[in-house]
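There are 2 protein chains.
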Amino acid sequence: MIVFLPYGRRLKASKNETLLKVASKGGIEIQSLCGGRGLCGRCKVIVREGNENLSPFTEPEEKILTKKELLEGYRLACQTRVIRKREIKIEIPAESRLDKQRLLEEGVERSIQLKPAVKKIVLTLRSPTLKDVKPDVERLLEKIQEKTGREPKICYETLKSVPLALREGGWTVTITLWLEKEVICVEAGERKRGIYGLAVDIGTTKLAVYLTDLESGRTIATASDMNPQILYGEDVISRISFISEKISNLKILQRTIVKGINNLITEVCNKARIKNSEICDMTVVGNTAMHHIFLGVPPKYISLSPYPAVIGSSVNIRARDLGVKINKGAYIHVLPVIAGFVGADAVADILATGIHESKEKSMLIDIGTNTEIVLSDGKDLYACSCASGPAFEGAHIAHGIRAVEGAIERV
Amino acid sequence: MIVFLPYGRRLKASKNETLLKVASKGGIEIQSLCGGRGLCGRCKVIVREGNENLSPFTEPEEKILTKKELLEGYRLACQTRVIRKREIKIEIPAESRLDKQRLLEEGVERSIQLKPAVKKIVLTLRSPTLKDVKPDVERLLEKIQEKTGREPKICYETLKSVPLALREGGWTVTITLWLEKEVICVEAGERKRGIYGLAVDIGTTKLAVYLTDLESGRTIATASDMNPQILYGEDVISRISFISEKISNLKILQRTIVKGINNLITEVCNKARIKNSEICDMTVVGNTAMHHIFLGVPPKYISLSPYPAVIGSSVNIRARDLGVKINKGAYIHVLPVIAGFVGADAVADILATGIHESKEKSMLIDIGTNTEIVLSDGKDLYACSCASGPAFEGAHIAHGIRAVEGAIERV
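Protein sequences appear in the order of chains A and B.
Positions 1 to 411 (our numbering) are the ones given, in order, by the first sequence.
Positions 1001 to 1411 (our numbering) are the ones given, in order, by the second sequence.
Bound conformation, chain A alone (with noise of 0.2 Å):
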């Protein structure tokens, strides 16, 4: 049996059959422009699993293949043979892929009171003299009190930009304030420039992120992709499951969820054309699982009786302490979790409904790889989730297809 990823796709193969042909047959295309000689390289895989049961490398491999590949685990779909068949998985690159997985990345946008946690502030100081040799940072943190009557403190990271900014521009600077209690970016100068925030939908398949300027309130670019934690399990039980082998396979799983994010980022970026570091502020949802994930908390105890989560409340982590990559001073804000399997995507769904503030029955029903649904009986809440992939997102379907093209999308 090969398992192709990240489809979840498990295609029965012959011995003696390449893995082009496995795939093909099992309606999986992967890209060959050469019919399978070994000359395009265009249809490379990664061996996950079961490498002893497949063929030895071939003289086309060796000369395609870059030694960095070879490291990886890459093979020619059209070369490598099943020798003996057992258990093998394999993962089909991006690259390699003729279909493109289609992801939903829009929706309805309601209208609502913009009040961002960031905003950025243009002052003018009094540079030292020997008689007020005042130290740089209490005369900066002086001058923000008297323009904006709070007193905020400074991060380390920021702390360090202050005495060239200063100089750089002249004694006027552009801070940026979070939330009116940290600064978190000095710029030399005045600095105009729109600040921008970024949301992250962290799903069990899928991974979405959405640019937003905070001045104007509107999404200025999205970009979506597989969550590539796919290649450790399908499911948030499986991905668990790994994780409570052995403790460091959670860091696995939580910097292949933040390289996903940063590889988006620059997506996005790129789209908008303005810097990483111009994102100030960014706001995470994801169920249960790949909150607890996302933060490094060990997600274990969710899937044993009776289910507790690590944190509920809502938590700010500093950006640069999980490595993901926009401002180095901006926070990032997770939403709360409901319950170990109710969690900061189903509450982010009812502030985005505002079924919270309904005064009639109303039902929230979100599907995904995990369906949450909210009921409101006018007053209060109540919520559950129940695993849908396999029914929706066509995990392990022996007949139909997953929502690739070529797949009916509208009629």
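Since the hints were made in silico from the structure, they are not lab data.
On a predicted model such as this, the values are computed, not experimentally measured, just so you know.
Any given hint could turn out to be false.
[Claimed, not checked] In silico PhoX-like pairs for lysine-lysine, Cα to Cα no more than 20 Å straight-line:
id : chain 1 : residue 1 : chain 2 : residue 2
1  : A       : Lys-153   : B       : Lys-1120
2  : B       : Lys-1067  : A       : Lys-160
3  : B       : Lys-1259  : A       : Lys-134
4  : A       : Lys-181   : B       : Lys-1300
5  : B       : Lys-1192  : B       : Lys-1120
6  : A       : Lys-251   : B       : Lys-1328
[Claimed, not checked] If you want the footprint, here are the derived chain B segments under chain A, 3+ residues with CB under 8 Å:
id : region
7  : 1309–1321
8  : 1359–1365
Note that CB positions come from ideal geometry on N, CA and C, so glycine has one too.
Following the hints, complete the assembly by docking chain B onto the known chain A.
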């Protein structure tokens, strides 16, 4: 002219003389068991500057020096000859020195009232049930509030360890609380063992650490060494010049001092037979330049009129953000500085002597590479500082000897 570091001795060399000979004529004793025949490998030195003015490697050197040592610029002093009388800088690493720098690390202890910033509290929680699935962290924080009346936060690194600690300890844990406002450590079960603090003095020339039992207030181990930054300049001005050349040099000097502190931490922990992670608090003092460099804050402007410091107030920073190897959640408290050239060390002097509480005219003098003088008129304090290294620490002296073994210490 050859400069021998870390002594700062400048010695004249004749053409064709070995480094061992030059050092020995100048009273600097380098280990040598084989009498300069290149057999024992004890006279290793490191060439820091002027390599082109020295003879090529000899056969014994190629035999004795490891590849790593070659890459780091090591030579055997007995094999290396001066071929051009230009500027050469040679470092004598600790293991090659015959003498040992004598550093003062004892002092008079004043009796003070103990009020440590950290304390341990043992808590026993009820385990979650299907009727009470409160998340682990909220469960813990609620118990803390119940027991202490405080509502502390929990630090992110510590948060990750909560689920395992709770279950390993059978729902009994020992928490470490910082300033009653943050949980910085959670350990499984009852941990009655001591809680330790570290005082660190970063002198321009000398680095000293004092390990303190925060329950008894006793200093239980001390260790000191030369400030390893001395390789990059003997006084603060030359180190600031080094940083002003290239901003990445600031990172080099910061890492150097952190590495030096980590070495001394290992030393005191070994002496006291405790683990690094048992140190849950740390206080650092130093003159303004050492203070800024330790924090990674550019010190350039404190050497330029009107000599403003970058930050004057005290700083609490997480040890792990600086790479200091004590408890992961522990904070480092850096004392405030008074001005560009009157630093946190002077503040510590004032606090330690209590001169600020004195009703009489009194004077405090701290002689080091820089000397600070504080005068009290019974009401106000006046402070100043000047460089005294060349006079008192033996830098560049032509006659006499530095405070090394062999110098008269007591009669």
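Hint-by-hint comparison with the structure:
Restraint check: the Cα-Cα separation between A/Lys-153 and B/Lys-1120 comes to about 28 Å, which exceeds 20 Å; the hinted pair is violated. Under the criterion of a C-alpha separation no larger than 20 Å, the hint pairing B/Lys-1067 with A/Lys-160 is inconsistent with the structure, at around 38 Å. A C-alpha spacing of about 31 Å is found between B/Lys-1259 and A/Lys-134, which places the hinted pair above 20 Å, so the restraint is violated. In summary, the hint linking A/Lys-181 to B/Lys-1300 is not supported, as the alpha carbons are separated by about 29 Å, beyond the 20 Å threshold.
Among the hinted pairs, B/Lys-1192 with B/Lys-1120 is consistent with the structure: their alpha-carbon atoms are about 8 Å apart, no more than 20 Å. Pair hint A/Lys-251 plus B/Lys-1328 holds up; C-alpha atoms about 17 Å apart against a cutoff of 20 Å. Only residues whose C-beta sits within less than 8 Å of a C-beta in chain A count toward coverage, and the region 1309–1321 of chain B has 8 of them, enough to reach three; the restraint holds. Interface restraint, the region 1359–1365 of chain B with chain A: violated (0 residues with C-beta to C-beta distance below 8 Å; minimum three).
The structure is inconsistent with the numbered hints 1, 2, 3, 4 and 8, although it conforms to all the rest.
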